[in-house]
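What follows is the residue order along each chain.
Number of protein chains: 2
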Amino acid sequence: MIIDYDFDNISNPYKHFNVSELGEQLGAIQRLVKSLDIPVLIIVDGWESSGKGFIIKDLIRELDPRSFKVSDFENSSEEEKARPFLWRFWRKLPKRGNISIFDRSFYYKTMNHLEINPTELKQNVEDFISMEKKLLDDDMIIVKFFLHEREKTQRKRIDQLKNDKFRSFFVTHRDIDQNSNYKSYLKHFDSVLKLSDLPFSGWNVVSTEDLEAASKYVIGTTIQKINSEINRINEKNKKLTDDKTAEKLETTPLDFVDLNISLGENEYKEKIKKLQDEAKNVAYELYNRRIPCVLVFEGMDAAGKGGAIKRLTSLIDPRIYEVIPIAAPDETEKQYHYLWRFIRNMPAKGRMTIFDRSWYGRVLVERIEGLASVTEWTRAYGEINNMEKQLGNFGTLVLKFFLYIDKDEQLQRFQHREENADKLYKITEEDWRNREKWDSYIDAMNEMLVRTNTTYAPWIVISGQDKKYARVKVLQEFIKYGKEITEK
Amino acid sequence: MIIDYDFDNISNPYKHFNVSELGEQLGAIQRLVKSLDIPVLIIVDGWESSGKGFIIKDLIRELDPRSFKVSDFENSSEEEKARPFLWRFWRKLPKRGNISIFDRSFYYKTMNHLEINPTELKQNVEDFISMEKKLLDDDMIIVKFFLHEREKTQRKRIDQLKNDKFRSFFVTHRDIDQNSNYKSYLKHFDSVLKLSDLPFSGWNVVSTEDLEAASKYVIGTTIQKINSEINRINEKNKKLTDDKTAEKLETTPLDFVDLNISLGENEYKEKIKKLQDEAKNVAYELYNRRIPCVLVFEGMDAAGKGGAIKRLTSLIDPRIYEVIPIAAPDETEKQYHYLWRFIRNMPAKGRMTIFDRSWYGRVLVERIEGLASVTEWTRAYGEINNMEKQLGNFGTLVLKFFLYIDKDEQLQRFQHREENADKLYKITEEDWRNREKWDSYIDAMNEMLVRTNTTYAPWIVISGQDKKYARVKVLQEFIKYGKEITEK
Numbered sequence: 001m002i003i004d005y006d007f008d009n010i011s012n013p014y015k016h017f018n019v020s021e022l023g024e025q026l027g028a029i030q031r032l033v034k035s036l037d038i039p040v041l042i043i044v045d046g047w048e049s050s051g052k053g054f055i056i057k058d059l060i061r062e063l064d065p066r067s068f069k070v071s072d073f074e075n076s077s078e079e080e081k082a083r084p085f086l087w088r089f090w091r092k093l094p095k096r097g098n099i100s101i102f103d104r105s106f107y108y109k110t111m112n113h114l115e116i117n118p119t120e121l122k123q124n125v126e127d128f129i130s131m132e133k134k135l136l137d138d139d140m141i142i143v144k145f146f147l148h149e150r151e152k153t154q155r156k157r158i159d160q161l162k163n164d165k166f167r168s169f170f171v172t173h174r175d176i177d178q179n180s181n182y183k184s185y186l187k188h189f190d191s192v193l194k195l196s197d198l199p200f201s202g203w204n205v206v207s208t209e210d211l212e213a214a215s216k217y218v219i220g221t222t223i224q225k226i227n228s229e230i231n232r233i234n235e236k237n238k239k240l241t242d243d244k245t246a247e248k249l250e251t252t253p254l255d256f257v258d259l260n261i262s263l264g265e266n267e268y269k270e271k272i273k274k275l276q277d278e279a280k281n282v283a284y285e286l287y288n289r290r291i292p293c294v295l296v297f298e299g300m301d302a303a304g305k306g307g308a309i310k311r312l313t314s315l316i317d318p319r320i321y322e323v324i325p326i327a328a329p330d331e332t333e334k335q336y337h338y339l340w341r342f343i344r345n346m347p348a349k350g351r352m353t354i355f356d357r358s359w360y361g362r363v364l365v366e367r368i369e370g371l372a373s374v375t376e377w378t379r380a381y382g383e384i385n386n387m388e389k390q391l392g393n394f395g396t397l398v399l400k401f402f403l404y405i406d407k408d409e410q411l412q413r414f415q416h417r418e419e420n421a422d423k424l425y426k427i428t429e430e431d432w433r434n435r436e437k438w439d440s441y442i443d444a445m446n447e448m449l450v451r452t453n454t455t456y457a458p459w460i461v462i463s464g465q466d467k468k469y470a471r472v473k474v475l476q477e478f479i480k481y482g483k484e485i486t487e488k
Numbered sequence: 001m002i003i004d005y006d007f008d009n010i011s012n013p014y015k016h017f018n019v020s021e022l023g024e025q026l027g028a029i030q031r032l033v034k035s036l037d038i039p040v041l042i043i044v045d046g047w048e049s050s051g052k053g054f055i056i057k058d059l060i061r062e063l064d065p066r067s068f069k070v071s072d073f074e075n076s077s078e079e080e081k082a083r084p085f086l087w088r089f090w091r092k093l094p095k096r097g098n099i100s101i102f103d104r105s106f107y108y109k110t111m112n113h114l115e116i117n118p119t120e121l122k123q124n125v126e127d128f129i130s131m132e133k134k135l136l137d138d139d140m141i142i143v144k145f146f147l148h149e150r151e152k153t154q155r156k157r158i159d160q161l162k163n164d165k166f167r168s169f170f171v172t173h174r175d176i177d178q179n180s181n182y183k184s185y186l187k188h189f190d191s192v193l194k195l196s197d198l199p200f201s202g203w204n205v206v207s208t209e210d211l212e213a214a215s216k217y218v219i220g221t222t223i224q225k226i227n228s229e230i231n232r233i234n235e236k237n238k239k240l241t242d243d244k245t246a247e248k249l250e251t252t253p254l255d256f257v258d259l260n261i262s263l264g265e266n267e268y269k270e271k272i273k274k275l276q277d278e279a280k281n282v283a284y285e286l287y288n289r290r291i292p293c294v295l296v297f298e299g300m301d302a303a304g305k306g307g308a309i310k311r312l313t314s315l316i317d318p319r320i321y322e323v324i325p326i327a328a329p330d331e332t333e334k335q336y337h338y339l340w341r342f343i344r345n346m347p348a349k350g351r352m353t354i355f356d357r358s359w360y361g362r363v364l365v366e367r368i369e370g371l372a373s374v375t376e377w378t379r380a381y382g383e384i385n386n387m388e389k390q391l392g393n394f395g396t397l398v399l400k401f402f403l404y405i406d407k408d409e410q411l412q413r414f415q416h417r418e419e420n421a422d423k424l425y426k427i428t429e430e431d432w433r434n435r436e437k438w439d440s441y442i443d444a445m446n447e448m449l450v451r452t453n454t455t456y457a458p459w460i461v462i463s464g465q466d467k468k469y470a471r472v473k474v475l476q477e478f479i480k481y482g483k484e485i486t487e488k
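Order-wise, the sequence lines are chains A and B.
Residue 254 in the working numbering is what sits at position 254 of the first sequence, and the numbering runs on without skipping anything.
Residue 308 in the working numbering is what sits at position 308 of the second sequence, and the numbering runs on without skipping anything.
So here's chain A without its partners, still in its complex pose (with noise of 0.2 Å):
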């Protein structure tokens, strides 16, 4: 890739532009993008002083400041540092519409480090491509850049801008040693592009040697880039009449739930005070060893997510966790991936989250309702699996509970709400219209167990026909699991 580039002998198919010709061109293609609604991230990587700054200024010159941001990641807050490290990249991912660009990107960091051994270059990189697959597939366009430069032209822009009064403190140690050991990083750089090159997100390497040019290329590449992008993405949805049928699972879960298990009134008194005490130690164990950790509750309508979720946090002090009602995504949710309004709420080190209702509506309502396509809602299982492995790679402690009523259980709860002015307010229209859909469901909940059941993410199946079995039961289960992983 740049181990072999030739600086001598650059084609520039965009040096007979000027650099606002092109500007204009690239503002005419953001208010196309802005009309379809697609989101476009435009990453602009490099070598350090090989002048990102100076190239973004040309990129942004024609835009229009409110559909644009560009961010940069040279600094990461606490609060950043305290979440899985693509969490601040998702973050400042661009809406719908709008263009984001990047400066520096998921990259830089794994680009930085010289002495990463290749086991965790090649488990970076993934991390970086299966983001950047998830973002692809939901009609994003990336554009990825890579400013190059020779050795003495980094050394002679460290020395300039040192001595630039307003920008000196652009400069820092990095700059530095990836000059200092300029042969070594350009190989480094060429395997981390290498593997990072993918087909509809490839890296364009740029000499910056003379910058003017080099804006030319960047800009001229870009617009052809978001066109052919563009085009793509119109063929792809054309084909895509959705006549693909998913296959019907053999694996039925499920049927295997004894819903018969209950417990006698005194048992469940006898058990659940001290259950609760120790599911509070665990938690403060888990903050203290700075542990974050996430649960997420499925279910039925009328299971018991609700009062499960009160009994387990009961004891727990409310300033480490937050409970996350799960409803359909508003407004600005809708702008993004489905998946970033979850992922913005994952929690810091230490911290408990807990979603009542979650990702998985992707493959449950929204695969029920039609508001997924098959293709969508059938790429989501190794999506959320993806991303919840990521977590687990974080150190989160991830489990999800599952609680299964069957469907005469079910109409007694409905009916024994509407009974019930104080409980009247859990029970609406939508409950009964989703009711009849419950052999959809029973399907596309057993899909769901199958397919996203993890050792870093496992689905606890528990029968909720026994409002306080179900409870202590996951009680016990979060005192094992959390046992486990701060015993370690």
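Wrong hints could be hidden among the right ones.
Given that identical chains are not distinguished, each listed pair holds provided it fits within a single copy or across any two copies.
Here are the simulated lysine-lysine pairs, DSSO-like style, with alpha carbons at most 27 Å apart [as the list claims (entries may be wrong)]: (1) Lys310 with Lys423; (2) Lys483 with Lys57; (3) Lys269 with Lys248; (4) Lys162 with Lys423; (5) Lys236 with Lys467; (6) Lys349 with Lys81; (7) Lys95 with Lys310; (8) Lys334 with Lys95; (9) Lys280 with Lys165.
These are calculated hints, taken from the structure and not from any lab test.
Keep in mind the model is a prediction, meaning the values are calculated, not measured.
Use these hints to put chain B onto chain A, whose structure you have.
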């Protein structure tokens, strides 16, 4: 207040209830405020080690965890430290229908600052009161508790906590310091409480000598207070049939704008580059001195706001500024006070935020379209001035540009936009509808300019009739004010 509190003679109207009974009643109240869409803020402040954790846990025991949140403010993040003190509390406010519990509050810093001088004390409390006032006017219910305990009880509790395996991390130097200087703190707290004992958000002092009794008192008082506040709000809103008529202003600053000023093409070209370069340096200087900067752009549709912003930012490093285009609030934003969505976007130290339209929508479009009642928009002038003053006190450079064009010029620009394919995106039905209300807008704009032109956040009214003149003038004014503040 607390200085003459008689621990031996406490009346507790809730002592004959038990905690879970009261808790269930509070649960019913939670559902009531949810159905009424009323936000509730419960502040639990008081001595260190006075049992806040215990009380809050009792308070939430029977609450639905999906619509309450507990926040503590013990440790502030970098993000928070880089912004005005009250910002962190605005972020954690309850949305409509939800309950937020603050474990300590905006009072804590002033309370912990024993050596504070009287002027600063008064100034701080005034800021807190004005925040509460804004929220109360927006029909938030605020319940404030101060947990009070004897010197020796505090000492005992600190010792106990220190020896608790799981919770010793809760003890800080502040606990120790308060206990060693109990009498001085008592006096100091007393004056803070007296200054902030507002009619609709008065302090409830609670003895926590007996924690269980204290819990009962807190839950009972919360129930009683929320009930009475709901009644008060209902009464208030019944009376508010909005027969209030706004008096018409005599002063009409827009009449004094000279719309004939213009700049020749050559003069423009000569000036603009130099000014852009200077503006860039001013922006860097603000960045280096960590001075935050807020620029507001208002004006008629098609007055040239977008073009002026683009010329202003053209050479400034996009990593240090952000342009925020303001449209109607989305679903989430509507759940909060109208200032919430602006306050959360205020710049950190050294950053610049440019609002393309702003909170002035409250007294412009919301006034004219009847989206805010007369009471609400007349109140807004004071609320806005107060918010901007707090920014000013924090050291923020706040400049508000108003671009003025006349009705004929607007018509020409609208027609030009409709005739040009690449500008068509800029013109909508709504623009034409607003135009029909031209005279009402002129009245509203005049009143806004008169009532919110302050030394700490001045309006700079510029003729937008000639785009070149306006762009140059915006740059000149930004440079002038920017230099003034950086050279101080």
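(Q) Reference check for the pair Lys310 and Lys423, CA-CA at most 27 Å: within, between, both, or neither? (A) within (16 Å within a copy, 55 Å between copies)
Q) Between the shortest in-copy and the shortest cross-copy C-alpha distance, which are at most 27 Å for Lys95 and Lys310: within, between, both, or neither? A) between (35 Å within a copy, 21 Å between copies)
Q) Is it within, between, both, or neither for Lys236 and Lys467, if the alpha carbons may be no more than 27 Å apart? A) neither (48 Å within a copy, 44 Å between copies)
Q) When no copy is named, should Lys349 and Lys81 be tagged within, between, both, or neither for a Cα gap of at most 27 Å? A) both (9 Å within a copy, 20 Å between copies)
Q: Since the copies are identical, ignore which copy is meant and state whether Lys280 and Lys165 lie within 27 Å (CA to CA) inside a copy, between copies, both or neither.
A: Between copies only: 13 Å across, 55 Å inside.
Q.
One pair to classify: Lys162 and Lys423, alpha carbons no more than 27 Å apart. Within, between, both, or neither?
A. neither (68 Å within a copy, 43 Å between copies)
Q: Have a look at Lys269 and Lys248 and pick one of within, between, both or neither, based on CA distance no larger than 27 Å.
A: For Lys269 and Lys248, neither the intra-copy (43 Å) nor the inter-copy (69 Å) Cα distance is at most 27 Å.
Q: Up to 27 Å between alpha-carbons, please classify Lys334 paired with Lys95: within, between, both or neither.
A: Both: 9 Å inside a chain and 20 Å across chains, each within 27 Å.
Q: Tell me, please, which holds for Lys483 and Lys57 at an alpha-carbon limit of 27 Å: within, between, both or neither?
A: between (52 Å within a copy, 24 Å between copies)
In summary, the structure is inconsistent with hints 3, 4, 5 from the numbered list given earlier, while agreeing with the others.
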